[in-house]
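Here is how the chains run, residue by residue.
Protein chains: 2
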Amino acid sequence: MSEHPLEQIFHPRAIAVVGVPSQGTSGRIGDFLGSLKAAGYHEQHGLYPVNPKTEEVAGLRCYPTLLDCPDPVDHVISQIPARAVPLLVEQCAEKGVRSLHLFTAGFSETGDAEMAALEREIVERARAAGVRVIGPNCMGLYVPAERLSFMGGFPTEPGHVLLLSQSGANASAVVGGLAQRGVRFSKAISFGNGADLQAHDFLDYAATDPETEVVTAYIEGVTEGRNFFEALKRCAAVKPTIILKGGIHPAGARAAHSHTGSLAGSIDIFEALCRQSGAIRATSMDDLHDLVIAVTTEVRRVAGRGVALVGGGGGIAVLSADAIATAGLDLPELPAETQRQLREFIPVAGTSVRNPIDINIGASDDMRRVYRIVAAAEPVDVIFGTSFGVGPSGPAGNQGRDGDAADDAGAAERAAERARQAADSFAELQEESGIPVVALQGGPQAGTFQQRAYERGVAVFPTVERAARAIGMLLEWRTRREGLPAIF
Amino acid sequence: MSEHPLEQIFHPRAIAVVGVPSQGTSGRIGDFLGSLKAAGYHEQHGLYPVNPKTEEVAGLRCYPTLLDCPDPVDHVISQIPARAVPLLVEQCAEKGVRSLHLFTAGFSETGDAEMAALEREIVERARAAGVRVIGPNCMGLYVPAERLSFMGGFPTEPGHVLLLSQSGANASAVVGGLAQRGVRFSKAISFGNGADLQAHDFLDYAATDPETEVVTAYIEGVTEGRNFFEALKRCAAVKPTIILKGGIHPAGARAAHSHTGSLAGSIDIFEALCRQSGAIRATSMDDLHDLVIAVTTEVRRVAGRGVALVGGGGGIAVLSADAIATAGLDLPELPAETQRQLREFIPVAGTSVRNPIDINIGASDDMRRVYRIVAAAEPVDVIFGTSFGVGPSGPAGNQGRDGDAADDAGAAERAAERARQAADSFAELQEESGIPVVALQGGPQAGTFQQRAYERGVAVFPTVERAARAIGMLLEWRTRREGLPAIF
Chain A
1 MSEHPLEQIF HPRAIAVVGV PSQGTSGRIG DFLGSLKAAG YHEQHGLYPV
51 NPKTEEVAGL RCYPTLLDCP DPVDHVISQI PARAVPLLVE QCAEKGVRSL
101 HLFTAGFSET GDAEMAALER EIVERARAAG VRVIGPNCMG LYVPAERLSF
151 MGGFPTEPGH VLLLSQSGAN ASAVVGGLAQ RGVRFSKAIS FGNGADLQAH
201 DFLDYAATDP ETEVVTAYIE GVTEGRNFFE ALKRCAAVKP TIILKGGIHP
251 AGARAAHSHT GSLAGSIDIF EALCRQSGAI RATSMDDLHD LVIAVTTEVR
301 RVAGRGVALV GGGGGIAVLS ADAIATAGLD LPELPAETQR QLREFIPVAG
351 TSVRNPIDIN IGASDDMRRV YRIVAAAEPV DVIFGTSFGV GPSGPAGNQG
401 RDGDAADDAG AAERAAERAR QAADSFAELQ EESGIPVVAL QGGPQAGTFQ
451 QRAYERGVAV FPTVERAARA IGMLLEWRTR REGLPAIF
Chain B
489 MSEHPLEQIF HPRAIAVVGV PSQGTSGRIG DFLGSLKAAG YHEQHGLYPV
539 NPKTEEVAGL RCYPTLLDCP DPVDHVISQI PARAVPLLVE QCAEKGVRSL
589 HLFTAGFSET GDAEMAALER EIVERARAAG VRVIGPNCMG LYVPAERLSF
639 MGGFPTEPGH VLLLSQSGAN ASAVVGGLAQ RGVRFSKAIS FGNGADLQAH
689 DFLDYAATDP ETEVVTAYIE GVTEGRNFFE ALKRCAAVKP TIILKGGIHP
739 AGARAAHSHT GSLAGSIDIF EALCRQSGAI RATSMDDLHD LVIAVTTEVR
789 RVAGRGVALV GGGGGIAVLS ADAIATAGLD LPELPAETQR QLREFIPVAG
839 TSVRNPIDIN IGASDDMRRV YRIVAAAEPV DVIFGTSFGV GPSGPAGNQG
889 RDGDAADDAG AAERAAERAR QAADSFAELQ EESGIPVVAL QGGPQAGTFQ
939 QRAYERGVAV FPTVERAARA IGMLLEWRTR REGLPAIF
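So the sequence lines, in the order shown, correspond to chains A and B. Numbers 1 to 488, taken from this note's numbering, label the letters of the first sequence in order. Numbers 489 to 976, taken from this note's numbering, label the letters of the second sequence in order.
One chain only, chain A, in its complex shape (with noise of 0.2 angstroms):
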């Protein structure tokens, strides 16, 4: 653990949750009680709930008021209506809480000026009673290594990335989409209006977190902008910072400023501000997603631009190498030995071995040598195979051809255990070569594959398109920080 401030927060012991209805798990505050007890929460720390109406909610024993929960009480979470809060300020300040999150919504966003005054109002006093305020408008904390999560299907497991969002439904999109992908979550915050801590904040415990490596966040607007950009600054020399900025049009700005009382501010000071701190900008959510993935994984090696492509049909093929010079990556015309090799024992009708390597083989061990021949070739810097007994949908070998035992039970723990060793031959292939490997592979059927693949360091992505511009921003970035201190 660190010294920063910060560090408590994220490592609460007792929770109460305020505001709780009489049902106890119905409604979105109900879903953190019972996510939170579901975990086991309240047998480990202490939970909860608050409600003067019942005495029982959820099988846990519901108490009045904050007051008269036993002592201490960290961190509230709190849905109460707007104008109540002061007067949970005032209960937190007395009883010791240390952080108060504000799922509530109605202040600043709203653009009444009434509530913005009460959002600032709430704040001050909070402050000076050292009690730290999380939101309002957000969903909170996710803190896998403490079983706090907002919600019920993120990973148990922690991981290396830290997440910090203005936005909770983009919160949810960061972390279980990039779940699936195999990536695990040091700390999440959706921390929606910022009116009291913010990304400067987050940032700067970030930087220092030890069980943290990688930064991630989505961002709407900045109100202290020196701060921000000292913090960012300090983040992205020591850790791949990414930031995706929402409002960069004024359609996008209104909806930020109705949604988290943002001011989103000029795009073109945003992006110079990341440009001079080191950090990557992500344009879209599929680009900080996979940004994260290229950071994370053998990827964030590559030496340079050129990529050899393996595998896949012809007009396929075609399409991709324009997708790889789309994105400012070559595709290097093979080596005429490394030609000569291939030709040794791929055949001629319908394929090339210029590269893109056009191939028509199935054979597992023949994959494998292409795979070696291409890799040892000079101009290569990454691979990007879409084969090795693994289609584009899932592991093919006999796929469609299992005939009934498709519906047979131990057809999917079948194709589960070939989706693995189609992931391992990745990983093997990347560990003998010394050049990072990318997989190609998405849809439904991709999960198991993905998973194994991301835990040997091995990158999925979903197209060539992707892939490609993850690996040509990461160089773009890489370019920039020169100067600054390695930080792989």
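For the record, the hints were derived by calculation from the structure and aren't laboratory data. Possibly wrong hints are sitting among the right ones.
[As the list claims (entries may be wrong)] Here are some, though not all, of the chain A residues that point toward chain B, as calculated from beta-carbon distances under 10 angstroms:
id	residue
1	Thr-208
2	Pro-210
3	Pro-250
4	Ala-251
Note that this is a predicted model, so its numbers are computed, not measured. We put the CB at the ideal spot given by N, CA and C, even for glycine.
Start from chain A and add chain B according to the hints.
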């Protein structure tokens, strides 16, 4: 049927499949035979496998040579080695065959001068004998009305989109991918090297074919530029014509040359050809798919750039608004009177009625009311909807709350029924409002919803980005077409 000289090629009677393996339906040539037989082609028109080494294949009588087949044979599908093709051409001539589909590869695309010369000789001899050649190095014909198909899973019902493609894999990606989104085809032609029949021949045919309303093409190289331009102009003048060009970068061009022997040429010239002819140039496979959806649904009538975005979470709405603006569309703030009408029943906290309309109401009747009010607002030309009792990855409603019922055999049918109802709701709103409604729906569960929505003229796109991009391209294309006859 049209009087076009190619018409008869699309309506062959008896077909011979030359070079089938003795086992009958193994390998790709076996697939051709197998899928024709499965479609009952042998009973309706005659289907003759040719292989001198066996007397029966897949339950069909097998003939030693083409000349031994019963008269007449209209169409020949061949996979014999390249060097044996000249003899087959002589047999075709003698037999009065009208079209020869050479699946066989190994001609000009190998880069071997001798094989390129052989390809030219074959075509010259065939033409002189009145035999048209499709290919070599291609998958040939898909004509659902004639039960003619080169891929097992293609829809058996005909539609009104004609595809021509130099790539078999890309032809499959177009037909298969768009079929999942509800599109049906009049014809698809995979013509590979295009040694005889080329893009301009098929474009010329497509322009006059009464079964075809929309034309789309994947092209790698054009050898007869003037003919291509003239045919493209004729076709694009009367039907929406969407072209994807492969080989736009040097690496892609090299791949195209290895794939179909094509000389890809300058993309600037190609782009200019498309602009001058009134065609739409797609720059990726996704674009091609999305443009076909756009021109075959009510989206084709979109009157301007004004988008209203309904539903979805706060941060997601912010990014969506940015994506709409990035695509060159507007997300106009709704008029005060529209906002007032929406505020009558939309709660304030955490919502916005300015546009994007970020609402948290689940009830279907209320949602219909929202759509009606928004559709009536003057600056709105098209509505993007993410909610109508349907979540982003399938019918929501009770999703995740069915408990044990999720395993119920009836659950799938209930989900399908909800998906149909949701699609019908979009269609009804589109009909009554008179402006296009776009449904945002992706993921594996989208099938039923997409099919039903498309049947009723509602465009479904997987993401806001893709919907906005397709509409932006459609509007740009329409502006360029000014002066040409209206085609919608």
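Check: Which numbered hints turn out to be false for this structure?
Finding: Violated: hints 1 and 2.
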